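Undergrad: Here the protein sequences line up with chains H and A, keeping their order. Position 414 of the first sequence, counting from 1, maps to 414 under this note's numbering, and the rest follow consecutively. Position 130 of the second sequence, counting from 1, maps to 1130 under this note's numbering, and the rest follow consecutively.
Since the hints were made in silico from the structure, they are not lab data. If you're wondering where the values come from, they're calculated on a predicted model, not measured in any experiment. A couple of the hints might just be wrong.
[To be verified] Capping the alpha-carbon separation at 25 Å, the derived lysine-lysine pairs in PhoX-like fashion look like this:
id: 1; chain 1: A; residue 1: K1067; chain 2: H; residue 2: K220
id: 2; chain 1: H; residue 1: K220; chain 2: A; residue 2: K1049
id: 3; chain 1: A; residue 1: K1067; chain 2: H; residue 2: K420
id: 4; chain 1: H; residue 1: K419; chain 2: H; residue 2: K334
id: 5; chain 1: H; residue 1: K334; chain 2: A; residue 2: K1067
id: 6; chain 1: A; residue 1: K1087; chain 2: H; residue 2: K420
id: 7; chain 1: H; residue 1: K250; chain 2: A; residue 2: K1071
id: 8; chain 1: A; residue 1: K1047; chain 2: H; residue 2: K347
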Amino acid sequence: MIPGLGALTQDTLWCFSQLKGTVEIGATEADIISTVEFNHTGELLATGDKGGRVVIFQREQESKNQVHRRGEYNVYSTFQSHEPEFDYLKSLEIEEKINKIRWLPQQNAAYFLLSTNDKTVKLWKVSERDKRPEGYNLKDEEGRLRDPATITTLRVPVLRPMDLMVEATPRRVFANAHTYHINSISVNSDYETYMSADDLRINLWNFEITNQSFNIVDIKPANMEELTEVITAAEFHPHHCNTFVYSSSKGTIRLCDMRASALCDRHTKFFEEPEDPSNRSFFSEIISSISDVKFSHSGRCIMTRDYLTVKVWDLNMENRPVETYQVHDYLRSKLCSLYENDCIFDKFECVWNGSDSVIMTGSYNNFFRMFDRNTKRDVTLEASRENSKPRAILKPRKVCVGGKRRKDEISVDSLDFSKKILHTAWHPSENIIAVAATNNLYIFQDKVN
Amino acid sequence: MDRATHCPGPSMSQKQEEENPTEETGEEKQDTQEKEGVLPEKAEEAKLKAKYPSLGQKPGGSDFLMKRLQKGQKYFDSGDYNMAKAKMKNKQLPSAGPDKNLVTGDHIPTPQDLPQRKSSLVTSKLAGGQVE
């Protein structure tokens, strides 16, 4: 099978490719991966962690000798993006955890990405240096200043090759624009602006200007006691630079058009699925809270993730989703304990494949799920060290709900809720996925015959 | 509960579920429970209310949101802190409990108790070479 935009047919088999991170059980909290993102070509893969660090992997050029081994991802650059801060005025601890990374499309030899923690967005430039100037007049080779009296001739410094060095420099720091915690950033298709969203507000930035931003959504009530919902995620439309969506903790999505007004408090479209009031329970609102919203590559649909399901919405139909997929409905009978251990508040992300035919999201016990929108088939796979032999085919997993458990099934009560897959990424054009399992990063590829 | 009048919610009536064996067993379980007149969600809610009778009437309302908005709040009184530093020479103050981050009541934070807010000077282990 030629690697490419594959539908999840019977023929698609996923294989282990690489595993990054350490084996040790006592991994520090700083190592927990908090975001994963491929760049627009899939050449680079970035991860952010709780310790505020970014690691970028680059895909190696495929060699003709090893046709059966597609390009592997190796470390390209790593840097400390954010550091812990303390806001003394508000007695607020500001975590250095990287909430999101978003790549800018490549426009020259350098790579640019946005990374954000709870309060500050930074634009990083990652560039290569493989030459350096040698033969300065005023400095010697070690950089020490030469005594001007000893300089009798002038020479022109020349560029000489050196070992490849990859440098990351912060080019812009967009600070002090968010009172609440930033949950999303999204680069606009105009490549000139981007937005950052916190619990109650969304700001529009120009990449060149760091001391100002436009507030485009503000849902803060005049009286905070009247607060009923918060913004949970936001994203720009992939092609229409005037359109964006944001999701809420009440399970609704609003689509806004920036041409309509400067402050987009009034939505253009409002997506909500009606709920049977007799079904309502204490947990209803919590599990309906949308943890992620993503436009399809085509721009015709959006996908939302709430605690138990993934839904696909057609932008032209506001009253209900066109598709609903159960991620782990068996957890419905565990909601009490999931509330007690706070797992019910876990924020799972969801991703589209390059052709928008398959969607993927994570679950517990290091399981992740894929749903083929065309064939309606779905599969549960596991990111585990046991299945980490090169090119080992991943075996589908099954959770047993009822009484009789088959040999290779796992019962709901045996699931490890501390092993959660919240962040995954899908290569923009190939069947390569990156799955973050706590402090480890797994890379899987489809089987090449 | 009469299934015929039951409005489609996220967990019901989607054709996709028929393909998925896990969903079938889930639905079966829901069927039996429905016959007993209780949805799994409602049963879980009853369990929770039994454990925490004082749980608010508002279903998942503002309390969560306010807590979410206030994440990161740490309280620190420099006056108390300096007093404690001075007194420490004379007597033992009650030390921090198992949860050092919880600074409340009698406990006055001392320099040892404040969490170390050092940035990660160590390189990420992801960058430390692959494990294959």
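Undergrad: Decide, hint by hint, whether the structure agrees.
TA: Here's how the hints hold up against the structure:
1. K1067/A - K220/H: Holds, at about 15 Å.
2. K220/H - K1049/A: violated, 31 Å
3. K1067/A - K420/H: holds, 23 Å
4. K419/H - K334/H: Roughly 16 Å between the alpha carbons, so the hint for K419/H and K334/H holds.
5. K334/H - K1067/A: The given pair, whose Cα atoms are some 23 Å apart, holds under the 25 Å limit.
6. K1087/A - K420/H: Roughly 46 Å separates the two Cα atoms, so the pair is violated.
7. K250/H - K1071/A: The given pair, whose Cα atoms are some 20 Å apart, holds under the 25 Å limit.
8. K1047/A - K347/H: holds, 24 Å
The structure fails hints 2 and 6 (numbered hints given earlier, in ascending order).
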